Amino acid sequence: MVRAAFSTINKMIDFKQHVVEALHKVCPSLTLEQLTVLVEVPPDAKMGDFAFPCFQLAKAEKKNPKQLAEDISKAISCDTKLVERVAATGPYVNFFLNRTAFMAQILKTVADNAGQYGHSKLGQGKTVIVEYSSPNIAKPFGVGHLRTTVIGASLTRIYSALGYKVVGINYLGDWGTQFGKLMEAYSRWGDDAELAKHPIQHLYNLYVRFHKEVETDPTLEDKGRAWFQKLESGDAAAVSQWTRFREESIREFERMYAELGIHFDVYEGESDYPKAADAAVSDLVTRGVAIESEGAIVVPLGDDMPPALLRKQDGTTLYLSRDLAAIDARKKKYHFDKILYVVGSEQILHFKQLKALLEKEQPAWAATVEHIPFGRIQGISTRKGTLVFLEDLLSETQERALEKIREAKVLDVNVDENEVARKVGIGAIVFNDLRTRRVKDVEFSWDKVLSFEGETGPYLQYAYARIGRLMEKVGVKVDSKTDVTPLNQEEAWAITRMLANYPNVIRNAAESNEPSFISTYLTDLASAFSSFYQNHRILGASPEFQKAAMLLVGNVRSVLHHGLTLLGVPPIERM
RNA sequence: GUGCCCGUAGCUCAGCCGGAUAGAGCAUCGGUUUUCUAAACCGAGGGUCGCAGGUUCAAGUCCUGCCGGGCACGCCA
Numbered sequence: 001m002v003r004a005a006f007s008t009i010n011k012m013i014d015f016k017q018h019v020v021e022a023l024h025k026v027c028p029s030l031t032l033e034q035l036t037v038l039v040e041v042p043p044d045a046k047m048g049d050f051a052f053p054c055f056q057l058a059k060a061e062k063k064n065p066k067q068l069a070e071d072i073s074k075a076i077s078c079d080t081k082l083v084e085r086v087a088a089t090g091p092y093v094n095f096f097l098n099r100t101a102f103m104a105q106i107l108k109t110v111a112d113n114a115g116q117y118g119h120s121k122l123g124q125g126k127t128v129i130v131e132y133s134s135p136n137i138a139k140p141f142g143v144g145h146l147r148t149t150v151i152g153a154s155l156t157r158i159y160s161a162l163g164y165k166v167v168g169i170n171y172l173g174d175w176g177t178q179f180g181k182l183m184e185a186y187s188r189w190g191d192d193a194e195l196a197k198h199p200i201q202h203l204y205n206l207y208v209r210f211h212k213e214v215e216t217d218p219t220l221e222d223k224g225r226a227w228f229q230k231l232e233s234g235d236a237a238a239v240s241q242w243t244r245f246r247e248e249s250i251r252e253f254e255r256m257y258a259e260l261g262i263h264f265d266v267y268e269g270e271s272d273y274p275k276a277a278d279a280a281v282s283d284l285v286t287r288g289v290a291i292e293s294e295g296a297i298v299v300p301l302g303d304d305m306p307p308a309l310l311r312k313q314d315g316t317t318l319y320l321s322r323d324l325a326a327i328d329a330r331k332k333k334y335h336f337d338k339i340l341y342v343v344g345s346e347q348i349l350h351f352k353q354l355k356a357l358l359e360k361e362q363p364a365w366a367a368t369v370e371h372i373p374f375g376r377i378q379g380i381s382t383r384k385g386t387l388v389f390l391e392d393l394l395s396e397t398q399e400r401a402l403e404k405i406r407e408a409k410v411l412d413v414n415v416d417e418n419e420v421a422r423k424v425g426i427g428a429i430v431f432n433d434l435r436t437r438r439v440k441d442v443e444f445s446w447d448k449v450l451s452f453e454g455e456t457g458p459y460l461q462y463a464y465a466r467i468g469r470l471m472e473k474v475g476v477k478v479d480s481k482t483d484v485t486p487l488n489q490e491e492a493w494a495i496t497r498m499l500a501n502y503p504n505v506i507r508n509a510a511e512s513n514e515p516s517f518i519s520t521y522l523t524d525l526a527s528a529f530s531s532f533y534q535n536h537r538i539l540g541a542s543p544e545f546q547k548a549a550m551l552l553v554g555n556v557r558s559v560l561h562h563g564l565t566l567l568g569v570p571p572i573e574r575m
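Quick note, in my numbering, the first sequence goes up one by one and the last residue is 575.
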């Protein structure tokens, strides 16, 4: 598929297409497809809106690229209603669009799409499963879990915007040896009253203590494993304790998700699959795919990767075997076209093995499985007890936001300052996790999350709120048929180019599973707006300019709203 | 040891399919408010794009090697 520099929404005149066709007439040796790939957007709007680099053609025709660019620019003929002028700059042929025409079209399109601009039917009829968040029960919700939660939630919204049917699954880590360990710890140092009062905190303390004590008493490990074996074989006491741990934990998680505005379509848990996993492993054994090795059951996966361990010596299942069973059940239930696992990069091998197993058994599915890894948060650790809790993050950022609100004194009495502070805090935290490309490790820094200036969530929220107030004060309704000729400022042109590109940004974000593409884009857009706003006063200007400006900034506002929503940063009307 | 990922300004990062002078934010310094919210805007300084080769008309971007950091490598998830 050819990637257009400017979007090609239905019924829109495609300016790039016109440039390509005009070039084709002058350079018939290149096909339309080749030209579409070659034509690019110059780094600076001053150089033009499209450019054709002449290097390749010059080489093929054994000509000087500069001369060739010169010749082409003289020979070419464009419709001046679309392309105002063509000029050679060195080895490039630069095209300058008829700004008024382009602007009129883009601004109208955005306005007429009423908050749906950027949506598409790309994924129509397709189902994508996004497995994300998936916290371990009995562990507090820390900044580490926040990343998968925030990235995954954003991906579900991005895919929905592109017309996919999305199923967001929270696959709880509610099974495994860790629970045996927790039970062992509870039997030694647990306190019933304490568990009732502060369940998460108590379980967390037990977890930390277990890992500390195991260093001096390694037999604890085996005792933990024994507990898990009892749990997996259905021992009543073990099951009832596990149930209690699980329920208390889920309650806490749900509070967090509500706070972040995140909703899951489905809650599953590893505990749903041990039986199915066991059956699947047995099946692989009878069919000779899996073999016994050192008392465990494994599947050799060739020289590229270590064998997949599917059943332990003590007969219990593993994460990998349960994942295998889970994907099977999901395929049958949802008939997905794609499944995304938003899980940290430390599990790359795990998912490589999962895919390799599927390739042996269900090669058609294997291609639909995609691990979406992300970098680690450095400087915090559950085991060492240096975890930063999401609760603390929220309260710190919100307190900071409240201070700022009181300093500025711009809110009137009808606006709830606590509500604004709450949204600013969430915006700061969420955006902080979606700012950079997923794969990068991030060093946790209080300074960074508590900063509301520059490339931050609150910066975007601020721009959004300001546009809203501006529009209220100007009091001119947005009309998509407004004459845009008064918008002859360089800043207005920069904004228009960005608005035109928004649908591509969403598509690219989905293609790469990178919400950060949207973060970067929104920061640029907000910055372009701020620049326009600061340099061109609207209130008190001519009615013609006011009308045109409302169309422009109204569009910025709706795209900001749309993009912020995709990220999970709450838009704020006044702040 | 083997495999995967990262390495761009003092710090945090952007840079799409290789293309025209490598861009932001923070921090530093200087400026902007009787007029649309200063959580903002404008300007200045600051870079051998980890190092060395290679491919190419053209390399931060592709390939190889090395260095530095992170992660993973059978009974955790």
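There's no promise every hint is true.
Unchecked claim - Simulated restraints on C-beta separations: (1) GLU419 with PRO307: 51 to 59 angstroms; (2) GLN124 with ILE348: 38 to 46 angstroms; (3) SER530 with LYS66: 34 to 42 angstroms; (4) GLU194 with ALA226: 35 to 43 angstroms; (5) ALA258 with LYS473: 33 to 41 angstroms; (6) ALA258 with PRO218: 36 to 44 angstroms; (7) LEU122 with ALA408: 38 to 46 angstroms; (8) THR485 with ALA45: 39 to 47 angstroms; (9) GLU472 with GLY115: 39 to 47 angstroms; (10) LYS448 with LYS473: 33 to 41 angstroms; (11) SER530 with THR31: 38 to 46 angstroms.
Said to hold, decoys possible - Here are the simulated lysine-lysine pairs, DSSO-like style, with alpha carbons at most 30 angstroms apart: (12) LYS59 with LYS25; (13) LYS404 with LYS360; (14) LYS126 with LYS352; (15) LYS108 with LYS139; (16) LYS404 with LYS275; (17) LYS74 with LYS62; (18) LYS212 with LYS126; (19) LYS312 with LYS275; (20) LYS404 with LYS126; (21) LYS212 with LYS139; (22) LYS139 with LYS46; (23) LYS46 with LYS355; (24) LYS473 with LYS126; (25) LYS473 with LYS547; (26) LYS440 with LYS473.
Everything labelled a hint here was simulated from the structure, so no lab data went into it. Keep in mind it's a predicted model, so treat the numbers as computed, not measured. For glycine and all other residues, C-beta sits at the position ideal for the given N, C-alpha and C.
Structure-based check of each hint:
In this structure the supplied range 51 to 59 angstroms holds for GLU419 paired with PRO307, their Cβ-Cβ distance being about 54 angstroms. For GLN124 paired with ILE348, a C-beta distance near 32 angstroms fails the hint of 38 to 46 angstroms. Take SER530 and LYS66: their Cβ atoms lie about 39 angstroms apart, and the range 34 to 42 angstroms holds. Our hint of 35 to 43 angstroms for GLU194 and ALA226 is violated, since their Cβ atoms are close to 25 angstroms apart.
One distance hint, 33 to 41 angstroms for the beta-carbon pair ALA258 and LYS473, holds here, with the actual separation near 35 angstroms. Between ALA258 and PRO218 the C-beta distance comes to about 41 angstroms, which sits within the given range of 36 to 44 angstroms. Separation of LEU122 from ALA408 is about 42 angstroms and conforms to the stated range, judged on CB atoms against 38 to 46 angstroms. Checked against the hint of 39 to 47 angstroms, the C-beta distance between THR485 and ALA45 comes to roughly 18 angstroms, which is inconsistent with it.
For GLU472 paired with GLY115, a C-beta distance near 18 angstroms fails the hint of 39 to 47 angstroms. Taking the beta carbon of each, LYS448 and LYS473 are about 34 angstroms apart, inside 33 to 41 angstroms as hinted. As the Cβ distance of SER530 to THR31 is approximately 43 angstroms, the hint placing it in 38 to 46 angstroms holds. The hinted pair formed by LYS59 and LYS25 meets the criterion: a straight-line CA distance of about 19 angstroms does not exceed 30 angstroms.
With a CA separation close to 58 angstroms, the supplied pair LYS404 and LYS360 exceeds the 30 angstroms bound. For the hint pairing LYS126 with LYS352, the CA-to-CA distance comes to about 24 angstroms; that is within 30 angstroms, so the pair holds. A threshold of 30 angstroms between alpha carbons decides the hint, and for LYS108 with LYS139 the separation of about 51 angstroms lies outside it, so the pair is violated. With a CA separation close to 54 angstroms, the supplied pair LYS404 and LYS275 exceeds the 30 angstroms bound.
Taking the CA atoms of LYS74 and LYS62, the gap is about 19 angstroms. The hint holds against a cut of 30 angstroms. A hinted pair counts as satisfied when its Cα atoms are at most 30 angstroms apart, and LYS212 with LYS126 does not qualify at roughly 48 angstroms. Of the pairs offered as hints, the one joining LYS312 and LYS275 holds, with about 14 angstroms between alpha carbons and a cut-off of 30 angstroms not exceeded. Using a Cα cut-off of 30 angstroms, the hinted pair LYS404 and LYS126 is violated, with the two alpha carbons roughly 45 angstroms apart.
For a cut-off of 30 angstroms, the pair hint linking LYS212 to LYS139 stands: about 16 angstroms separates their Cα positions. Straight-line distance between C-alpha atoms of LYS139 and LYS46 comes to about 55 angstroms, which puts the hinted pair past the 30 angstroms bound. About 49 angstroms separates the Cα atoms of LYS46 and LYS355, which puts this hinted pair outside 30 angstroms; it is violated. Distance restraint check for LYS473 and LYS126: the Cα-Cα separation of roughly 44 angstroms exceeds the 30 angstroms cut-off, and the hinted pair is therefore not satisfied.
In summary, the hint linking LYS473 to LYS547 is supported, as the alpha carbons are separated by about 13 angstroms, within the 30 angstroms threshold. Our distance criterion of 30 angstroms between C-alpha atoms is broken by LYS440 and LYS473, whose separation comes to about 43 angstroms.
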